[in-house]
Structure formats: structure tokens, C-alpha cells
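Colleague: For the record, the sequence lines run as chains A and B. Just so we're aligned: 70 in the numbering used here is position 68 of the first sequence, and the numbers increase by one with no gaps anywhere. Just so we're aligned: 205 in the numbering used here is position 96 of the second sequence, and the numbers increase by one with no gaps anywhere.
Take the hints with a grain of salt, since some may be wrong.
Claimed, not checked - No more than 20 Å apart at the CA atoms, straight line, and that leaves these computed lysine to aspartate or glutamate pairs for EDC-like: (1) A:Lys28 to B:Glu138; (2) A:Lys28 to B:Asp157; (3) B:Lys276 to B:Asp246; (4) B:Lys276 to A:Asp12.
In case anyone wonders, no lab produced these hints; they're calculated from the structure. All of these numbers come straight from a predicted model, not from anything done at the bench.
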Amino acid sequence: MTLPIHNPYDIDSIERRLESAFSRVKPRDEFIGNLRQRLVYPAPEIMAVHPSQMVWWMMLAIFGGLLLTFGVILGFILTKKQTKAG
Amino acid sequence: MSETKPNNDTEILTRAIQGDREAFGTLYERYVDQIYNYVYYRTGNRHDAEDLTARVFMRAMHHIQRYNDRGLPFSAWLYRIAHNLVVNWHRDNSRRQEISLEEIELTHPPSDHPESRLMQVEEEDLLMTVLRSLPPDRQQLLILKFVEHLSNAEIGQIMNRSEGAVKSLYHRTLFGLRDHLGSLADEIIGEREES
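Bound conformation, chain A alone:
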């Protein structure tokens, strides 16, 4: 490794070295543009239901389906009984 040019024991030289080491860095234009887009015009949420709520919605759908099937069968049996009695 090359030895430092300035005397490292000198406070003024450390300040000068800091001045030269910290130059402003330009972020990529593409990054700036994309992030602005994400902040100002966020994409609509594809999934309206949060994944954690998904299980409850599925259980409700299964239960609803079973209830509907049971209702249809019961209705069918009752209709048959009524027809026989008639």
C-alpha cells in the first residue's frame, strides 16, 4: 500500500482529505424516475384480501357451500315426501 501523501498527524490535512474523499454521488436517473413513479402513482393492489385473512375466507366459502348443498338435499327430500303424501 502507498503511504498517505499528507501527514496523518495533522488535523488540517485530515480535513482536506475528508473534503476530497466525500464527493457528491449522483443516483441513477432510472432509479429516481422509478421510485417517483412508485411513490406518486402506486400500482393497484392485485390481491384485495390480505394473505392472513385468506384462510378465513376459504373456511367461510366451504361452510357456505356445505350449507347450500345440505339445503338443496333437504329441499329435494321434503318435495319428494310431499309428492308421495299428495
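Given the structure of chain A, go ahead and fit chain B onto it with the hints provided.
Modeller: Below, chain B without anything else, positioned relative to chain A:
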């Protein structure tokens, strides 16, 4: 603050707090460079700097309705978010990254004298290594002073310290750097004499 426009900020900030995304976009454009530079020098690479800068503004946007105007510049709030995210990032990664030579080359114009350029890069590399070993508050102070060229009073607002405390911390940091660099130089001389 050198790059802040407090009067304009107040009006735009009020609109942003009320949910105006375009107003937030204006604030974003105004401060993205500053926050990116801050994060870049705290992480040492462009990829993480972009990721963390995005997170700073995402968090700011989600919490802007809770923003409490205490007379401090808006940038102070952003710097605090950035500081917290960088501290978490270092904790999660538990590593300090160094700027690669290629990265440094990107930030400086090419020199006519490759040898002197190489020496300068080595010097800066050494300095950056020492800087990243400093406590987070000292790194923050040096970045705000040398990248953003803020005054001690402005840095105090961001770091929640008095102007005198910032001045004192700055001097302690310089003396610490001097000792650290001095011992490193001694080590290098010792290694050269041995070989």
C-alpha cells in the same frame, strides 16, 4: 439549510400531509439526492443505497400524516428515518462494506496521471475504511458536514444535539481519525521495513 427551502416546504408539506401524492413527489425530488448520498456513504455501495433510499421515502410517505412540525427542516425528519434504517441495515448484515475501487473511479473524473490517481484512491480507500469503523453518530456528522456542507447548527437539528455538542463531537472525531490513521501509517511503515 443550504439546500432546503423552508417556506416552500411548509406549503408543499401541508398538501403532502393531507394526502396529495404529487406534493409528496415534489418533496421527494427535492431531497432524494441528499438522502441517497447520505445512505451511500453509510453503506458503501450503490445497490444498498438505492434500496435503503427507496425504503426511506416509502416509510416517510406512509407516516407523513404523523409528521409533527416542530420547527425543524423536513430534511431532518428524513435524515432520522435514513439513520434508523441504516443502523438496522448494519445490525442485520453485521458487516461493514467498503467502496470498491471501481465504485470510487465512478465518483471521480479520470486523471492524466494514473499513478497519482492510484495513490489518491488508496488514500481514500484507507480513509473510508477508518470512517466505517467509527460510531454511527460520528459517521453521520462527517457525511452531513462534508457531503451536504451543513453548518454545525443545521447538523445539530438533524442529530438532535446542540451546536456546541456537534462542534465538540466533530473535534473529537477529527482527533480520533488522526490517531487511527497515524497508527495505520505506523503499521504500514513497520511492514515495509520488515520486507
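Colleague: Run every hint past the structure and note whether it holds.
Modeller: Going down the list of hints, with the structure as the test:
1. A hinted pair counts as satisfied when its Cα atoms are at most 20 Å apart, and Lys28 (chain A) with Glu138 (chain B) qualifies at roughly 13 Å.
2. Among the hinted pairs, Lys28 (chain A) with Asp157 (chain B) is consistent with the structure: their alpha-carbon atoms are about 14 Å apart, no more than 20 Å.
3. For the proposed pair Lys276 (chain B) and Asp246 (chain B), the alpha carbon gap of about 13 Å is at most 20 Å, so the pair holds.
4. Restraint check for Lys276 (chain B) and Asp12 (chain A): satisfied, since their Cα atoms lie roughly 18 Å apart, inside the 20 Å limit.
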